[in-house]
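Note that the protein sequences, when read in sequence, are chains H and A. Just so we're aligned, residue 1 is where the first sequence starts under this note's numbering, counting upward by one. Just so we're aligned, residue 1 is where the second sequence starts under this note's numbering, counting upward by one.
Just so you know, the hints here were simulated from the structure itself, not pulled from any lab data. Built from N, CA and C at the ideal position, the CB exists for glycine as well. Take these hints with a grain of salt, some might be off.
Dumping the calculated PhoX-like pairs for lysine-lysine here, alpha-carbon to alpha-carbon at most 20 Å [unchecked claim]:
hint, chain 1, residue 1, chain 2, residue 2
1, A, Lys40, H, Lys365
2, H, Lys262, H, Lys66
3, A, Lys72, H, Lys364
4, A, Lys46, H, Lys66
5, H, Lys137, H, Lys39
6, A, Lys18, A, Lys60
7, H, Lys172, H, Lys39
8, A, Lys60, A, Lys46
9, A, Lys18, H, Lys262
10, A, Lys18, A, Lys76
11, A, Lys60, A, Lys72
12, A, Lys46, A, Lys18
13, A, Lys46, A, Lys58
14, H, Lys247, H, Lys192
15, H, Lys192, H, Lys251
16, A, Lys72, H, Lys251
17, H, Lys137, H, Lys226
18, H, Lys66, A, Lys60
19, H, Lys137, H, Lys211
20, A, Lys58, A, Lys72
21, H, Lys66, H, Lys78
22, H, Lys71, A, Lys46
23, A, Lys76, A, Lys60
24, A, Lys18, H, Lys251
25, A, Lys60, H, Lys71
Quick look at which bits of chain A chain H covers, simulated, 3 or more residues with Cβ under 8 Å [unchecked claim]:
hint, segment
26, 2 to 13
27, 17 to 30
28, 33 to 42
The chain contents come next:
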Amino acid sequence: MKDWKIFLIPAAVFLIVYWLPVENSRFQGSVIEGFALLKEYARQHVLFCLVPAFFIAGAISVFVSKASVIKYFGAQAKKVLSYSVASISGTILAVCSCTVLPIFAGIYARGAGIGPATAFLYSGPAINVLAIILTAKVLGFKLGLARALGAVAFSVIIGLLMHLVFSREERKREGFNLAEVDQHKEIRPLWKTALYFATMVGILGFVNWGKSGQEFKIWYFIYRAKWFIGAAFIIVLIWMIVSWFRKTELKEWTLSTWIFAKQILPLLFGGVLVAGFLLGRPNHEGIIPSQWVARLVGGNSFATNLFASFAGALMYFATLTEVPIVQGLLGSGMGQGPALALLLAGPALSLPSMIVIRSIIGTKKALTYICLVVIMATISGLIYGAIA
Amino acid sequence: MEIRILGPGCPRCHEVEKRTFNALAELNVSADVQKVTDIKRIAEYKIIGTPGLVINGKVKCYGRIPSLDEIKNWFKEEL
Numbered sequence: 001m002k003d004w005k006i007f008l009i010p011a012a013v014f015l016i017v018y019w020l021p022v023e024n025s026r027f028q029g030s031v032i033e034g035f036a037l038l039k040e041y042a043r044q045h046v047l048f049c050l051v052p053a054f055f056i057a058g059a060i061s062v063f064v065s066k067a068s069v070i071k072y073f074g075a076q077a078k079k080v081l082s083y084s085v086a087s088i089s090g091t092i093l094a095v096c097s098c099t100v101l102p103i104f105a106g107i108y109a110r111g112a113g114i115g116p117a118t119a120f121l122y123s124g125p126a127i128n129v130l131a132i133i134l135t136a137k138v139l140g141f142k143l144g145l146a147r148a149l150g151a152v153a154f155s156v157i158i159g160l161l162m163h164l165v166f167s168r169e170e171r172k173r174e175g176f177n178l179a180e181v182d183q184h185k186e187i188r189p190l191w192k193t194a195l196y197f198a199t200m201v202g203i204l205g206f207v208n209w210g211k212s213g214q215e216f217k218i219w220y221f222i223y224r225a226k227w228f229i230g231a232a233f234i235i236v237l238i239w240m241i242v243s244w245f246r247k248t249e250l251k252e253w254t255l256s257t258w259i260f261a262k263q264i265l266p267l268l269f270g271g272v273l274v275a276g277f278l279l280g281r282p283n284h285e286g287i288i289p290s291q292w293v294a295r296l297v298g299g300n301s302f303a304t305n306l307f308a309s310f311a312g313a314l315m316y317f318a319t320l321t322e323v324p325i326v327q328g329l330l331g332s333g334m335g336q337g338p339a340l341a342l343l344l345a346g347p348a349l350s351l352p353s354m355i356v357i358r359s360i361i362g363t364k365k366a367l368t369y370i371c372l373v374v375i376m377a378t379i380s381g382l383i384y385g386a387i388a
Numbered sequence: 001m002e003i004r005i006l007g008p009g010c011p012r013c014h015e016v017e018k019r020t021f022n023a024l025a026e027l028n029v030s031a032d033v034q035k036v037t038d039i040k041r042i043a044e045y046k047i048i049g050t051p052g053l054v055i056n057g058k059v060k061c062y063g064r065i066p067s068l069d070e071i072k073n074w075f076k077e078e079l
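Looking at chain H on its own, in the form it has when it is part of the complex:
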């Protein structure tokens, strides 16, 4: 970077710090809120939710064969199959959100239909494994489930609509072809891999089992026994690791886990600090007054859902940072509907990603896609807000 540009950084920092309103009690409170939220995350979410989630993400990226999923993007595969697979393939193909755009560019360049390709493009960031896990843990199981289901359902709808709108051009495109690349041979039978993942998800689920009233006997019983159940699953997992996996595979797994953690945790903690500073925790305000939040995104009207969608589409969210931000917004008065709208439009799009998408599929298709995302997120928000 040129020297004069580098100079801008200390200059900007100086100006900000020169005017920093440290004497203002609201400002002081907000700074505390930022750290308070960070402490809450460290205490409640890091050890038993994020750490297992990173291991699961690492496992997916190392042990699940991508080629088996990618072949469904071709025009030869039956429509029902290719759209269903495309809409959930994001979980498997794009564990790290940075790879969504390259994958989208790659499959489109190879001739995948615009329909399944955009279904993947939308669902990828939206049903990112880590994001769903953290959403369910922090924002509640209902919102986590709604996010996952909404992402899958609307990715199929968006894909189909894109295909319909551009069907004339689509017919001219060549078929889908997968180049010969020496990919991993499967070392383990599928059922072993499936059980291994089920065990990890089981550990995650039971260890985070929520408390509830005594009405649901089974639920409460499991809550009381959750550590024993969790420990049992961990023992099973250790046995699986020892008997089904080679040392080199385990090294790759832990390396992949570590790479994700290294990349995502600093950004998440930064996001938590900022979210806490701006929006505070429930019953504690941040810098932004709750009335503003309530007025812009409170309740469940068409306007608030649309605003949440639109703002989410433009804003850039680093992986997982949408969770503390939506948490802060909900605590400041955002409605459940607009919250879901933001979760569905936010991670999927951002101003920089719109520019890249445009360079891959052209302005017309990109604009259509963006509009569809905003509309679908708004509708999902309206529906969820009404029933939640």
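Using the hints provided, position chain A relative to the given structure of chain H.
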């Protein structure tokens, strides 16, 4: 030997880059190594998912981090 590492700059691509240089050092060969970070240019290779490793114009691997041994074998093939 011409090597291209495809990736927008995430840690996984750095890991591939690191292993590539380790492999070159262990085999005691030199090569023209470049990173391709522009997504449009990456798409031209038609890989599905980054990181990607291209040697002498041939896509050797994509969407995952290859092991050091795999990379060394590919180098031996392409030398």
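- Message: Of all the hints numbered above, which does this structure not satisfy? Sort the numbers upward.
- Response: 2, 3, 7, 12, 27
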